Amino acid sequence: MTALDSTVRAPRSLASRVAGRAAGGALRVFLVLIALFWLVPTFGLLVSSLRDPADIAASGWWKVFTAPGQLTVRSYQSLLEKDAITHALLNTVWITVPATLLVVLFGAMAGYAFAWMDFRGRDGWFLLVVALLVVPVQVALIPLSDLFGKIGIFGDVIGVVLFHVGFGLPFAIFLLRNFFAEIPRELLEAARLDGAGEARLFLTVVLPLGAPALASLGIFQFLWVWNDMLVALVFSDSGSQPLTVALQQQVRQFGSNIEVLAPGAFLSMVVPLVVFFAFQRQFVSGVMAGAVK
Amino acid sequence: MASVAHTEGAGAAPAPAPHRRARVTGTRRRWAVVFLLPALVLLGALVVYPIGYSLWRSLYDADGSGFVGLGNYADVFSDRATLTAVRNTAIWVAVAPALVTALGLVFAVLTERVRWGTAFKLVVFMPMAISMLAAGIIFRLVYEQDPAQGVANAVARSVHDTFVSSSVYPNARPNAAVSDLRASGGGSFTTKGTVRAGTPALLPLVGIAPGRLPGAPEEARAASGPGVTGTVWLDFVPGGGGTKGRIDPGERALKGVTVEAVRDGRAVASARTAADGTFTLPASADGARLRLPGADFAAPYGGIDWLGPALVTPAIIGSYVWMWAGFAMVLIAAGLAGVDRNLLEAARVDGANEWQVFRRVTVPLLAPVLTVVLVTLMINVMKVFDLVYIIAPQPSQDDANVLALQLFLSSFGGGGNYGVGSAIGVVLLVLVAPVMYVNIRRLRRERRP
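So the protein sequences, as listed, match chains A and B. Under the numbering used here, the letters of the first sequence match residues 1 to 293, in that order. Under the numbering used here, the letters of the second sequence match residues 1 to 449, in that order.
Calculated from the structure, these hints are not laboratory results. Being a predicted model, the structure only gives us computed values, none of them experimental. One should not assume that every hint holds.
What the hints assert, rightly or not - Restraint ranges, calculated between C-beta atoms of paired labels, are given here: (1) A/68 - B/338: 42 to 50 Å; (2) A/68 - B/239: 32 to 40 Å; (3) A/193 - B/338: 36 to 44 Å; (4) A/187 - B/442: 26 to 34 Å; (5) B/367 - A/59: 47 to 55 Å; (6) A/68 - B/367: 48 to 56 Å; (7) A/36 - B/177: 49 to 57 Å; (8) B/83 - A/62: 39 to 47 Å; (9) B/216 - A/72: 21 to 29 Å; (10) A/59 - B/245: 34 to 42 Å; (11) B/413 - A/152: 18 to 26 Å; (12) A/249 - B/78: 26 to 34 Å; (13) A/83 - B/444: 52 to 60 Å.
Note that the Cβ used here is the ideal one computed from N, Cα and C, for glycine as well.
Work out the full structure: start from the sequences and follow the hints.
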């Protein structure tokens, strides 16, 4: 699918071009205003994260336009000195990386099986996977609390990872099966004639050819888990909680602790934003394909 | 190794369409099991089993010891807190997806006409990358009540103050011991005596710390001249000293105070104090009483109570629109790129104006994309949790409640009632079931042409 750059300019007749010139100016102003409107909330938090608590209490963040000297990174420094925050940031990584890798791996294996292997009940199983695409995560909170409690992984990073893997798989299988099914048959047959077994075929032909879809899926799943709060809120404890949960506990005192919340929120946003700007195309196609979740 | 059962002429074979049983490989079943097992076991244990467990668990009471039949479902639809959640979820589903889709459509169509459309899309799409938690914190700050903190109320106040003149000195009041200004209703103060031309009136006020006066106030000066004049000032010398009721050196002028001349209860003239605190009324004010209207002392405009009980849900929906408009815009723009331009041009040649082209040609052509976007957003909105949990302050949480939040609150947030929680989970599942069904039917149709 086309990503952000789908600008197509309609050819215009001479008469409409004259009238269009005037309307075009108004349109540009309108769009600039909208863009500003969209930027201001984030910009406000960014500026707030770069001011001293005393300045924040005294005036609104827009004050920096007249007093740019207020900008400081002190809030970030003191935030990163808090063990609870750095620990939570590490937890976010410990949760996100395995949850992403496992979903991509198991999703690719199952996707390949559904696309190219012959076994009884294939269509039925795949329909089940498709049905599970839209199951809300909320349905599983209570059952898995009980289950994880029984097997002793409630409050552990493993539980959070497992939950994300389970709910990441339907989309992963769906996306990758559809992508793998487009691999030209001759390529697979040629590799097979060369004596490649299923495992080698999968590793040396299917995975490299599926790289674009794997990247889209990986990015989508990574951001999904990185940004999650609800699952971690239920399944992690104070030792295993990710950054989102650690920050959420601060929201109750909103207003008195912007010097923690604002840089904290930006700390949690840095990685998604870098991913967003670096992998725009994969990100957009991943989000577009995966928004059904 | 496995033999190739049938080759269909290399190169001529069409890309294996998903609807055909792609039976190339003649794989051994063992391999299929190896490849599928991890995913299917995890799906079974982490998604399918919980659905069954929820159905069963929803029929039992809070701690799971007593069978209550459909009692939990009855609770969901009769308990006051959950009913609010049901109502709010309905509002969300009815309003948010339509709003987001409409905005996305407008943005997608308009950005096609400017050269920096891609940059615009980048800006509007960016919120999709960040967490709902971060978006929640961002909007907590936007909606902050104090207009000196929250940008929404800062804008609201400046709009308000454009139309209603704002008070300059809230909390100021006359010193009753030395001045004849008396409260006269509505926060205003009126002199007991009348003012005479050529005899400057003295209107001393107290109640503000000199350091809190806005700007750099001048020293107060006694008025002079033949007209109806006077001085309004802060009757307080920093560091002590001075005589109450008299303009002493070092006492600050109060500028911008409205002074009205009142005769028989009606204002006949009014003036504002200058930088030195003096004012001059027209000669017609001779013999009238002086009144400082309530507007001089009213508390400043406090802004809109965005996160109060009445507006909290619309406010949070606003933040959701901010997050998701980019998603709708990009999807619709992709659909728009596939629209045949000749159809639009033909309509223009037929004399249709831009609005008619949009309304009668573009929108109908985009109908399938719009439906997909709308349905996707509806599923998404039913599960909205983080934004409500983060943005709604504790006192408004009940008013902002939605089903997904209520499930969390009744089961984990101190409620501890897994029975009702499971019932809400099942309700959410039932709500998305139609989409599940449509997905399956569409897939089956694609596979059996």
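Of all the hints numbered above, which does this structure not satisfy? Sort the numbers upward. none
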